[in-house]
Amino acid sequence: MRWSQMYIPTLREDQSDAELVSHQLLLRGGYIRKLASGIYIYLPLMQRVIHKFSNIVREEMNYAGALEIGMSVLCPAELWQESGRYNTVGNEQMRMKDRHQHEMVLCGTHEETVTTLIRGEIKSYRQLPLNLYQIQVKFRDEIRPRFGLMRGREFLMKDAYSFDATEKSFMESYQKMVDAYFRIFKRAGLDVVKVESDSGAMGGKAAHEFMLLVDTNGGEEIIFFCDKCDYTANVEKAEFKIEDSSSDEELKVTEKVDTPGAATIEEVTAFLKVEAKQLAKTLLYMADNKPVVAMVRGDRELNLIKLQNATEAIEIEMATPEQVQNFTSSPVGFAGPVGLKDVGIYVDPLVADMKNMIVGANEFEKHILNVNIDRDFKATKVVDLTSAQNEDQCPRCNYGKLNSKKGIEVGNTFMLGTKYSEALDAKYLDAEGKEHPIIMGSYGIGITRTPQSALERYHDDKGIIWPKNIAPFLVHLIPLNVKKDSHIETADRIYKELNEVGIDVLYDDRNDRAGVKFNDADLIGLPVRITIGDKSLKEGKVELKARSESDFILVDIDNIVIAVKQLLGRVN
RNA sequence: CGGGGCGUAGCGCAGUUUGGUAGCGCACUUGGUUCGGGACUAAGGAGUCGCUGGUUCAAAUCCAGUCGCCCCGACCA
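Counting the first sequence from 1 gives a position; our numbering is that position plus 478.
A few of these clues could be false.
[Claimed, not checked] Subject to a maximum C-alpha distance of 20 Å in a straight line, what follows is the list of computed SDA-like cross-link-like pairs (lysine to any residue):
id	residue 1	residue 2
1	Lys833	Ser808
2	Lys912	Ser647
3	Lys1016	Arg971
4	Lys1019	Glu967
5	Lys905	Tyr520
6	Lys833	Leu729
7	Lys905	Glu645
8	Lys905	Leu595
9	Lys974	Val994
10	Lys940	Val692
11	Lys940	Thr694
12	Lys755	Glu869
13	Lys730	Ser647
14	Lys719	Arg874
15	Lys883	Val692
In short, the hints are calculated from the structure, not lab data.
Note that the coordinates shown come from a computational prediction; the quantities given were computed from them, not determined experimentally.
I would like the entire structure built from these sequences, with the hints used as guidance.
Here it is in structure tokens:
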């Protein structure tokens, strides 16, 4: 493709509304333009990247035995009511009425649609297993869209759904997808790690996320790794071994003390001259509009997802200061479990082990010393509520230490079990003629997010460095002066030869100065650059350079195809 | 949703404090020179200053409302 016939609106200056490098590069490189918050237009270069990545995904999904279908972005609201998710997805789902006042939703995922298809089609175990997928646009009205394609309201996703008769068969189907995912990301030039994750709103029993590790601000997720075994989990899910903190300390008599001006953990520990570990934080949340109390140790942080799972709440949020005032009869900062009535008290195991703890007194500027569980208050449930921290002990091998890194979620796999097949009545008959709900899995890959994620990892101060298999073109061909016949003749010849062997070339035939072309080439980031100029042309050679490397080599014009192939074979 | 910030030419910004009828750089058009890391020169086009209303002889500027966009937070107890 000739540059003059493409549309590549590169920009010289940084754009004011882009925070992440990857977002900035996509804007400046002429890959995307914003239409509205979280909604983007993919320009020709981006569309080529999307095609390249989609094709990798498609090939590997097909290889893994999945079948491509196409489903509508629209779905009648009834199906979401039937699955029960209509009320739980909340404002994230975009909804509308058609001209007949029929309620429709824009799908952010397609479990309802695909399960509805299956329940009408699959009747026998002989028709299973089955795996259907599509690559399609999704709509999610995110709380806060941000970072360009990283968290858009409209985005492309590959979503696959597996249907199995038995647990054993399901595990095989799941593993096939996991294997396919590793192949997909590897081909795209990306090392990903598979981590345990919370299944969240999707429901089901277990889930994994595929993370690209980055050290930039683009890494929105925190992942914990054990330094001894292969345990990896994201922060929402990560468990840790509870240190043995039970003591033989004698239970002392409770004592209410004044703590003037001391509401936060820091203030209270400073005032009472104690360690944060001796305090228990009593946090008030509204779980589906009912108050619940969570207790975690003073030196630890509450994990909201764990609390949500423990309370089985659909929506959970921190109580407002007014609600705290109403419920504990004191301002924020002095809540405690003693004397609270008609409320679920969820206690972290680390708190349950504490002796003579310090808690709020539910009175302004007062705390209580020497409080003990069972004696002074009762726990509704003792359950893990705190987030893992660096240096915590691994929950699996019990002797490694956990450490965290930042990552971007580029794919996920969910073991859905029979949640959707039961709700939507998708059943099959087994060999004995008995009816069972179909066991399902669902598997997503962010088609638009993944390439941008790759840029968080692969760039330098000049621009993008695409992994070759998802680059919009493989070769950037630059005749330095298009007014010189020798340059153009050589460029035309190389362009033709490379195209003939199926190597995508972007031919910069613009009448611009060398600096402009070099800078644009560095910015848009194609893996290989061929420069045609007087210096080397005198010897019948051209310059060949990898975007990821700083030096070029001189190549005989006659050998250019083989040299390009060799260079491409070497780079990521 | 809470907090902060920003809307002036395609992009990046100044001008707003102190009201006087819009400017700079890049990009764009045309001519000439230049041509291996974002050239020089001459001429030129392009903005109802987000929108609505108000104050005023006069509003980008002051006031009120509204819409949009960005960032932080939603784990303070």
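Practice item. Would you pick out the hints that fail for this structure and give their numbers low to high? Key: Result: hints 1, 5, 9 and 13 break, sorted rising.
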